[in-house]
Structures are given as C-alpha cells and as structure tokens.
Amino acid sequence: MDTLAYMAKNLPMIGTRAMEHLSIVCVAVVLAIACGMALGVFIARHPRLAPAVLSGGAIMITVPSIALFGMLIPLLSTIGQGIGWLPAVIAVYIYSMVPIVRNTYTALVGLDPALRDAAIGMGMDSSQRLWRVELPNSMPVIMAGVRVAVVMNIGITAIAAYIGAGGLGTFISRGITQTDIRQLLTGAVAVSLLAIASDFGLALVQKRLTPRGLAPLSH
Amino acid sequence: MITLEHLSKVYGAPGSTAAVDDVSLTVGSGEICVLIGPSGCGKTTTMRMVNRLITPTGGRVLIDGQDTTAIDTVALRRSIGYVIQQVGLFPNMTVEENIGVVPRLLGWDRARMRARAAELLDMVGLDVGQFLGRFPNQLSGGQQQRVGVARALAADPPVLLMDEPFGAIDPINRAAIQDQFLAMQQKLKKTVLLVSHDIDEAVKMADRIAIFRAGRLEQAGTPDEILVAPANDFVGGFVGPDRTLKRLRRKRVSQVHVPLVYSVGQQVEVAVDGCHGTIQVDAAGLVVAMTADGRAIGPVSVRMDSDLRVVVSELLRLAVPWLPCVDGEGRLRGVVSQAAISRQVSGASVAASSDAVSKQGGGNAATP
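First to last, the protein sequences are chains A and B.
Using the working numbering, count along the first sequence one by one with no gaps and you end on 221.
Using the working numbering, count along the second sequence one by one with no gaps and you end on 369.
Bear in mind the hints are in silico, worked out from the structure with no lab data behind them.
Possibly wrong hints are sitting among the right ones.
As the list claims (entries may be wrong) - To give an idea of the chain A side of the interface with chain B (calculated C-beta under 7 Å), a few residues:
#1 Ala116
#2 Asp127
#3 Pro138
#4 Pro142
#5 Leu211
#6 Pro213
To be verified - Some but not every residue of chain A turned toward chain B, in silico, with C-beta under 8 Å:
#7 Ile81
#8 Asp119
#9 Ala120
#10 Gly123
#11 Met124
#12 Gly125
#13 Met126
#14 Ser129
#15 Leu132
#16 Asn139
#17 Val143
#18 Ala146
#19 Arg214
#20 Leu216
To be verified - Simulated restraints, written as ranges between beta carbons of each label pair:
#21 Lys209/A / Arg318/B: 36 to 42 Å
#22 Ser25/B / Gly112/A: 39 to 45 Å
#23 Ile63/A / Asp180/B: 54 to 60 Å
#24 Arg210/A / Leu246/B: 43 to 49 Å
#25 Lys209/A / Arg310/B: 52 to 58 Å
#26 Asp180/B / Trp133/A: 36 to 42 Å
Owing to the predicted nature of the structure, the values given are computational and were not obtained by experimental measurement.
Heads up, the beta-carbon is just placed ideally off N, CA and C, and yes, glycines get one too.
Start from the sequences, fold in the hints, and give me the full structure.
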C-alpha cells in the first residue's frame, strides 16, 4: 500500500523519468535501425563478411552493460560527455545493433531464391531489387529484431541511471542506496510496464509494415 | 530469332569439365524451341546465358542478329520475358503489381499498366475482377503460374525464356496451361526457349527440340525429325521406344483423312484402304457408321483437329480399321483409316506425306 501511495504521489515524476528513459531508447534504436539495416544488407550482399560481423555482435552483447558504461566514461570524457545522456545512448545503440543486423541478414538470406532469380531475370537493378522485393518481404523478421532491441534495451537503460543518464532506473538506484522498497518497486514496475507497452505498440507497427500478401490468410 | 554460336560455360579453371560445351543453335522468330535432357545436362545453363544470368566463357548469343554483349544487361533482361518453375511471384505485391513489374521498370503510367494487366490476365484465363487485387498466397499453383506467364508477357517482349514453367503443376492443370499457352502463341508468335525434362511436353509444345547430354547438344530438329531419326542411341533412348506413338500427337486427322461427299439422308458406302462399311447421316445430322461385318461404330468422337494418338486410341478401343471424322459442328467430313495413319508414320512417307494424302483423297474417296 505504501508503494502504491508513493506511486500516486510521484506520478508526475514517474512520467518525467519515463520520458527520459524513452528518449534514450528511441534515439538509440532509431539510429540502430538505420545503421543496422544498412549493415545487415551489406553483409547479406557480401556473405564472406557475415560470420565476422555476426560473431562480433554476439561478443558485444555479452559485455555487461555496467562494464560498457564504465568503458565509455574515459572515452567520452575527452569531449566532456563521460557520463549522462550521450554514453547511455551510445551503449543502447550498440546493443540494439546486434538483433537488428542479425535479423536483417537472416531475413534477406532466407528469402526464397526464386524471388531473387525472378527479380534479376526481369531486369531489376540491385537497389530496385532491395527496395521493391527484398526489404518488403523481410519486414516481419526485421521488425521482430527491432522489438527484441527495444524490449532488451528498456531494461539496459534502467542501469544507465548509474552514469547519470536519468530515466526510470533512478528510482531503482535510489531505492537500493536508500533501502527504500517503495522507490525500488516503483522503478521496477514502471520499467516492466514500459517494456510491455513498447512491445505491444511495436507489434502494431510490425503489423502495419508487413505487406498484406505476407500476412497469414484470413478468409 | 535467337542464335547461339559456339556457346560454352566452364566453371572453375580453364580445362575443367564444361557445363555447356560448344553449343550452336538457331531458334527462328515465332518458334518454340524446347531444350531437353537429363538433370545437369546444361539445358538450364544454356538458357540462362541468353539473358546473361550466367556469363558465357566462350561463344556468343545473338538476338535478331545483335550480339547480346552489346546490350546493357538490365535493358536486355527487361526485353526478354522470364518464367521459372518456382514462379517467383513477389508475395508483397498483388497480381496486378506483379504483372506490372517490368512495365513499371520501363516507366509506363498507371492506367496503361492496369489495362495491360487486365488484358493479360484475361489472356491466361483468369477472371480480371476476381484476381487483379489478389496476393500470390491466395492463388493455387496453377493460377500462380498463369500469372507468372502473364508477368513475363507484360512488356510484350519478342523473346521468352521459360525454365520448366509447367513442371510443378499437377497433370490436369499442366495440360490445360500448355494448351492455353499454345493457343496464345498462335497469336503472339514469341520466340520461345523452353527448358523441360519431359519428352511428352517437348513433343507437344516444340517447333524444334534440342536434346542435351553432359553439356553438349546431341541433336536438334523438329519433333518429327527427332522421333523419326534419332541421331544416336542416347537420343533414341531419351525419346523412348514408343517414339512412333509420340509422333502421332503432332499429327491431325485433317492430314490423313479421306474426304467424303454426301447428302443428308443418304447412305455412304466406304471403300478406302481395304476398309469397308457404311455411314448414314440422318435428318438431324447425326453420323451413324457401321463396319462391313455389321457392327455399329459410335458415337463418333473423332474431329478434324483431333491428334492421331486419340484416333489410334479409339481404333484400338472399338477394334475397327476405320472411323468417320466430323468437323467442329459435328458434320461428317470423311473417314480416317488405320492404313492411312500407318502410311503417315512409316519412314517412307515422311518427306512426301502431304502429297500422298492428297493423292489418296483424289483416288480413293468413296462417293455415294
């Protein structure tokens, strides 16, 4: 009951922290979508590079987030941004790249080879093939990667509170240092709800971006 | 016209086994040439060198006399229709958009693309209102390949490449699509290279057949030439020991029938090639025939455009030496006899077969 009362009283603050949280995740994921899809397309077109890039990504994702934040501090200190919003965005961006690159690559190489054969045989050039055939038909798998990136990084961003990036993690870190279960629970519940809501919202986006011809039959 | 001149494709180091080895072949304008042979014989590789999906390592391909290396690859492919066994319709596009792929690449306006898609859909026998807005996953395999053929024809290319286009379709639909394609080809007169592994399909569809083995062209010629005189044991084995029956498929009743003159109500005496009997046409126009030993033949199902395989099948089923044949309206036109069919397919008459038929018609026609 205490916790609920705390939440009710601090609703505006929770809102502000949630917005901070989302701003980190959104900026990072939007950048990661642009770069990650480009890199995924690139390694799908140059399959010899794929194993190196994909295993590099797999290694990146094993680096604990708190360690990555730590490593970014000295690097970014050189431009006076060692802690705060920027290192949080960079870390989240790095983590987001991995599922987006991997899913883009997997979707493209997994397309029916007949589509590629038909597209080339009919006289599409490389970029027409990509934009008209390959990417539209890969959208469901790419979007699944984006959803993984967002949900995973809403959790990681909670830890960014320790490098002063703000966000909902602030409730959790204060809850721990002040042994205040109300703040701790508030932060944890809010992070969970944000992740669930984002995933739900992205599921709708995924549905919209999936070409109708790829949707399961409904008749 | 497509001309292949000493075309070769060698994978790996020079001197490795050639996938295609020094193939020369000419396909005349408006002809269907079927490339056929066992798996791995180089027929598909040969076809894919025409639109440069595979780059030849030797020789050249000319289309209407022009060397294809002189044409921009992308422009070349847009000017050649392409149909593959897996169809390869784009799942994210409607039937209309799929048919419009090449027109869109060529910069047609929307109205023209839509009109063309509707025209082609109608031509391949699909209802325009029902199918234009559908997605490929809402179509059966046969419907998909009909759309695949329509898509290849969209920009009205003079040349069509078809890689086992009907191979994945069930036999009943396959026959229907083959027939429809042949009917379209009567009007469209495309120059077609069609890869197949089915000799029956080749005999049915081809103006010319090119038989491949291990990268080499073993024999090329009209279906009749190949079935009459296989160049070697391999070709002989490939066309099969029943090659004479296969020849019958490409011959029509109209090539061998003996015309009859009759008046309604009259009884016509038949005395052709040792076949005897009577035919009566009653007032309703119904054709009733009777063999010399008094057995009734009927109902008459042999038409002037029936192929001789059907006629032989009917002769065997009814155990008779001849049958009356009728035109599209069911009117008696003449008789077709086992002896005339034998003469048509026996080696001696190949060259002069049409001449022989007309002479018989004049000499032996039974008149009332």
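Comparing the hints with the structure gives:
1. At a threshold of 7 Å, the smallest CB-CB gap from alanine 116/A to chain B is about 4 Å, leaving the interface hint in force.
2. Because the closest C-beta pair between aspartate 127/A and chain B is about 6 Å apart, less than 7 Å, the hint holds.
3. Using the Cβ-Cβ criterion of 7 Å, the hint placing proline 138/A at the interface with chain B is satisfied: the shortest such distance is roughly 4 Å.
4. A hinted interface residue such as proline 142/A counts as satisfied when its beta carbon comes closer than 7 Å to some beta carbon of chain B; here the least separation is about 11 Å, so the hint is violated.
5. Evaluation of the leucine 211/A hint against chain B yields a violated restraint, the C-beta minimum of about 11 Å exceeding 7 Å.
6. For proline 213/A, the shortest C-beta to C-beta distance to chain B is roughly 3 Å, which falls under 7 Å, so the interface hint holds.
7. The interface hint given for isoleucine 81/A is broken, as the beta carbon of that residue sits about 44 Å from the closest beta carbon of chain B, more than 8 Å.
8. Satisfaction of the interface hint for aspartate 119/A is found here, the shortest Cβ-Cβ separation to chain B being roughly 6 Å, below the 8 Å cut-off.
9. Satisfaction of the interface hint for alanine 120/A is found here, the shortest Cβ-Cβ separation to chain B being roughly 3 Å, below the 8 Å cut-off.
10. Nearest Cβ of chain B to the Cβ of glycine 123/A: about 4 Å, under the 8 Å cut. The hint holds.
11. For methionine 124/A, the interface hint holds, the least distance from its beta-carbon to any beta-carbon of chain B being 5 Å, beneath 8 Å.
12. For glycine 125/A, the interface hint holds, since its Cβ comes within 8 Å of a Cβ in chain B; the closest pair sits about 4 Å apart.
13. Taking 8 Å as the C-beta contact cut-off toward chain B, the hint placing methionine 126/A at the interface holds, the least distance being around 7 Å.
14. For serine 129/A, the suggested interface contact is broken, since its CB lies about 11 Å from the closest CB of chain B, more than 8 Å.
15. Taking 8 Å as the C-beta contact cut-off toward chain B, the hint placing leucine 132/A at the interface is violated, the least distance being around 13 Å.
16. Interface restraint check for asparagine 139/A: the shortest CB-CB distance to chain B comes to about 5 Å, inside 8 Å, so the restraint holds.
17. Proximity of valine 143/A to chain B is violated relative to the hint, the smallest CB-CB distance being about 13 Å (cut-off 8 Å).
18. A hinted interface residue such as alanine 146/A counts as satisfied when its beta carbon comes closer than 8 Å to some beta carbon of chain B; here the least separation is about 17 Å, so the hint is violated.
19. Checking arginine 214/A against chain B: minimum C-beta separation of about 6 Å stays under 8 Å; hint holds.
20. Nearest Cβ of chain B to the Cβ of leucine 216/A: about 5 Å, under the 8 Å cut. The hint holds.
21. A C-beta distance of roughly 59 Å is found between lysine 209/A and arginine 318/B, which places it outside the suggested range of 36 to 42 Å.
22. Hint check: serine 25/B to glycine 112/A, Cβ distance near 40 Å, so the stated range 39 to 45 Å holds.
23. At about 58 Å, the beta-carbon gap between isoleucine 63/A and aspartate 180/B stays in the expected band of 54 to 60 Å.
24. Take arginine 210/A and leucine 246/B: their Cβ atoms lie about 59 Å apart, and the range 43 to 49 Å is violated.
25. Between lysine 209/A and arginine 310/B the beta carbons are some 54 Å apart, a value that agrees with the proposed interval 52 to 58 Å.
26. Checked against the hint of 36 to 42 Å, the C-beta distance between aspartate 180/B and tryptophan 133/A comes to roughly 38 Å, which is consistent with it.
Consistency with the previously given hints fails for numbers 4, 5, 7, 14, 15, 17, 18, 21, 24, ordered from lowest to highest.
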